[in-house]
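Participant: Please construct the entire structure, taking both the sequences and the accompanying hints into account.
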Amino acid sequence: MGNGSAIATETALETRLVSKRFGNRLVLRDVSVSIRKGELAVLFGPNGAGKTTLLRILATIMNPTSGNVLVTGMNIKEDAEDARRKIGVVSHQTFLYNDLTIRENLEFYARMFDVPHRRERIGEVVEMVGMTPRLNDRIGTLSRGMQQRVAIARAILHKPEILLLDEPETGLDLKIISVLWKTLLGEGGEKRTVVFTTHDLERGIELGDRFLVLSRGAIIYDSSKEQMDVTHLRETYDRCSGVSV
Amino acid sequence: MEYFLTATAIIWAVVFGYVLFIIGRQRKLRQEIESLKQLVAEKQKNTR
Amino acid sequence: MKGKESFKTAGLVVALLLFMWALYMIFIFVPTEATMGISQRIFYFHVPLAWLGLLGYTLVFFGSIMYLWKRRSGWDNFSSSAAELGFIFTTLFLISGSLWAKPAWGVWWTWTPRLTTALILWFIYIAYLTVRFYASEKQQGARFGAVVGIVGFVDVPIIAISTSLWRSEHPGALVFQGGLTPEMTFGLMVSIAAFTVLFVYFLAIRTSLKQQEMEVERLRELVEQDQ
Amino acid sequence: MSFLSKSLAVARKETIAELRTREMVFAVLVFTILVIVIFNFTAGVDQEVIRAAAPGLLWATFSFSGTLSLNRTFVREKENGCLEGLMSCPASREVIYVGKVLSNLLFMLVIEIIALLVFTLLFNIYVLSPPLLVITVLATFGFATVGTLFSGLSANTKAREMVLPILFLPIVLPVIIAAVRGSEQVLAGKSWAGLSPWFQLILAFDAVLSVVSFLVFPYVIEE
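Chains as they are written, first to last, in the working numbering: chain A, 5 to 249; chain B, 1042 to 1089; chain C, 192 to 418; chain D, 3 to 225.
Please note that a few of the clues may not be correct.
[To be verified] Below, simulated BS3-like cross-link-like pairs (lysine-lysine); rule was C-alpha separation at most 30 Å, straight line:
{"no.": "1", "chain 1": "A", "residue 1": "Lys-90", "chain 2": "D", "residue 2": "Lys-80"}
{"no.": "2", "chain 1": "A", "residue 1": "Lys-163", "chain 2": "A", "residue 2": "Lys-179"}
{"no.": "3", "chain 1": "C", "residue 1": "Lys-329", "chain 2": "A", "residue 2": "Lys-81"}
[What the hints assert, rightly or not] Examples of chain A residues lying across from chain D (beta carbon under 10 Å, computed):
{"no.": "4", "residue": "Arg-88"}
{"no.": "5", "residue": "Gln-97"}
{"no.": "6", "residue": "Thr-98"}
{"no.": "7", "residue": "Tyr-101"}
{"no.": "8", "residue": "Asn-102"}
{"no.": "9", "residue": "Glu-108"}
{"no.": "10", "residue": "Tyr-113"}
{"no.": "11", "residue": "Arg-115"}
{"no.": "12", "residue": "Met-116"}
{"no.": "13", "residue": "Asp-118"}
{"no.": "14", "residue": "His-162"}
Quick caveat, the hints were computed from the structure, so don't treat them as lab data.
Just so you know, even glycine gets a beta-carbon here, dropped at the ideal spot from N, CA and C.
Facilitator: Written as structure tokens, this is what we have:
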């Protein structure tokens, strides 16, 4: 896990020997990674490798069977609520209520996240994803792409330091994808820490500056951009995705 | 009188049936564990 | 492992001996009750069965709390075994109650507070077993079962109060009209002891069977892996 | 204070969504009124018979319409993975529980009050008296606390709609018994004092079961 930077940078997200068991199936095996502040970590892995499970554990939606997760140094077992304040989640599901309008959905989440100056903030994020004209439309009446834009707005509503993205690009057109990254990465000059999962190797290499490969619940590759050997990464990835298909 | 005997018989039958069920299950499980343990041992030999 | 085996055998022997003794007491030793005759002897099954139904759910409750606290599957095996046994014995209690009601009151079922409470307890046992059955995976079933185990248990006394309030006109102590003779009390005690030992023995065996089932699954997982 | 305000936010969101679609309250209300109308044909027009059977019918209807509406409460959370979104919020699981209890209580009460009105109109029995309303509110609170817990549980099982009544009805039986008996007393013109054992029973149930349900709810939605 050692990497080149001489200055000890702050750790944003850390897992220590995290395992998750569903019945007799071990979905994650002793996963230990630490992600530095401002890093954009890409989590590769074939379907069923445990990517979503790991992300759900990081988002404190799911409890690990054993091991610890630290969010900016806070153990999520003790400070779950404070940890959640620092995290924003975008998954392939939007987490939005079909029967509520964009404004109502965002208002609800703003209340849940104790967002100050709700109205202004909602106006801001909706503007960022370009959904202002539809503010009073019900989610159910929007197209999938538009819903995903609102989901992005929802995730950054409380200005999280860390973003967890679970296959955020699947099913989206290029325009929305550019909105996604523009919105997610920076706001007010601050660079966010991002963990995102994908099974698209090329796209991941293009975007990330830290690469992890998860196979059968274990991390089998971990490297920063500077030290990365593209062929080695490709081989590792092909090997694990070839086996499990 | 016959009610008393019926009650006794039913209770006996159920208890007895449960014992049989347990014995049967126990036997089956023991065999299964044995055979599985052998399989695991074989596999470990092969992988080495 | 060997000590465990001999312990189990000893348990079986004790349970059987006690059971024989109880049967002797019930069939021969105890005096026949004057007004109800032989059928009153169902009483010596009836009361222990009721006790086992309650004991079963108490153990389910205890095991459920321990499971949610410690998350050891052993506790779940314990409480689900207790529920299974409690369900069986509560069923027997309802049957014996019915077989007693017929000669005593001329009907197969009466809504006495005790029978009614037992009937609802029986339904709660069913709820417990249903939830486990329909859970989408095993650990979830264990968790859901534990929740029902806890909620159901705290509800039982309230159910008992409500049924007795509901039927307050009913002669609750009908069984004991003439009071119990010392022989009767002694016979009842032996019977309760016998049934309890049997229950504990069954519970131990059933729990260990469930542990072995998990062992089988674990081994199977090992075998199927990487193939 | 944040606990309560977030619970209210959950209840608020439920209420807005329900007001917009009206799917649950509407369907359950139609069901309830239909049951009352069918009862009319079975009981005939004999005022005595109706008076004797009314409390039982009323609470049987409320129990079934209660399960019907409770079955819906977690359906909305399942679409678009909302429950996960809710769980990623900085609020304890209990907040979700309290919010849901409040909204369920509100929906059930709305249905019941309308049903009581219909009942009064159709059968010429004055069921909208203050003691009966108190009984209704207290008993419905009991329904909502236990029902919210079990609807969260059954929503995660393989046979959702089937599991809830099997769980819910035996547990709330003391409340049903007390509510029926209490309503009988009210219709017979008894004073408040005569009702006190039934009030006590419902209150005991509400107190014990709400605390226990509150405590175990997190185990129902965690993974």
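Participant: State for each hint whether it applies.
Facilitator: Verification of the supplied hints:
1. A:Lys-90 - D:Lys-80: 25 Å, holds
2. A:Lys-163 - A:Lys-179: Holds, because 23 Å separates the two Cα atoms, which is no more than 30 Å.
3. C:Lys-329 - A:Lys-81: Given that 30 Å is the threshold and the Cα spacing comes to 24 Å, the pair holds.
4. Arg-88: 4 Å, holds
5. Gln-97: 3 Å, holds
6. Thr-98: 5 Å, holds
7. Tyr-101: 6 Å, holds
8. Asn-102: 6 Å, holds
9. Glu-108: 6 Å, holds
10. Tyr-113: For A:Tyr-113, the interface hint holds, since the closest Cβ of chain D sits about 7 Å away, which is under 10 Å.
11. Arg-115: 4 Å, holds
12. Met-116: A:Met-116 check passes; min Cβ-Cβ to chain D is 4 Å, inside 10 Å.
13. Asp-118: 7 Å, holds
14. His-162: With a minimum Cβ separation of about 8 Å from chain D (threshold 10 Å), the hint on A:His-162 holds.
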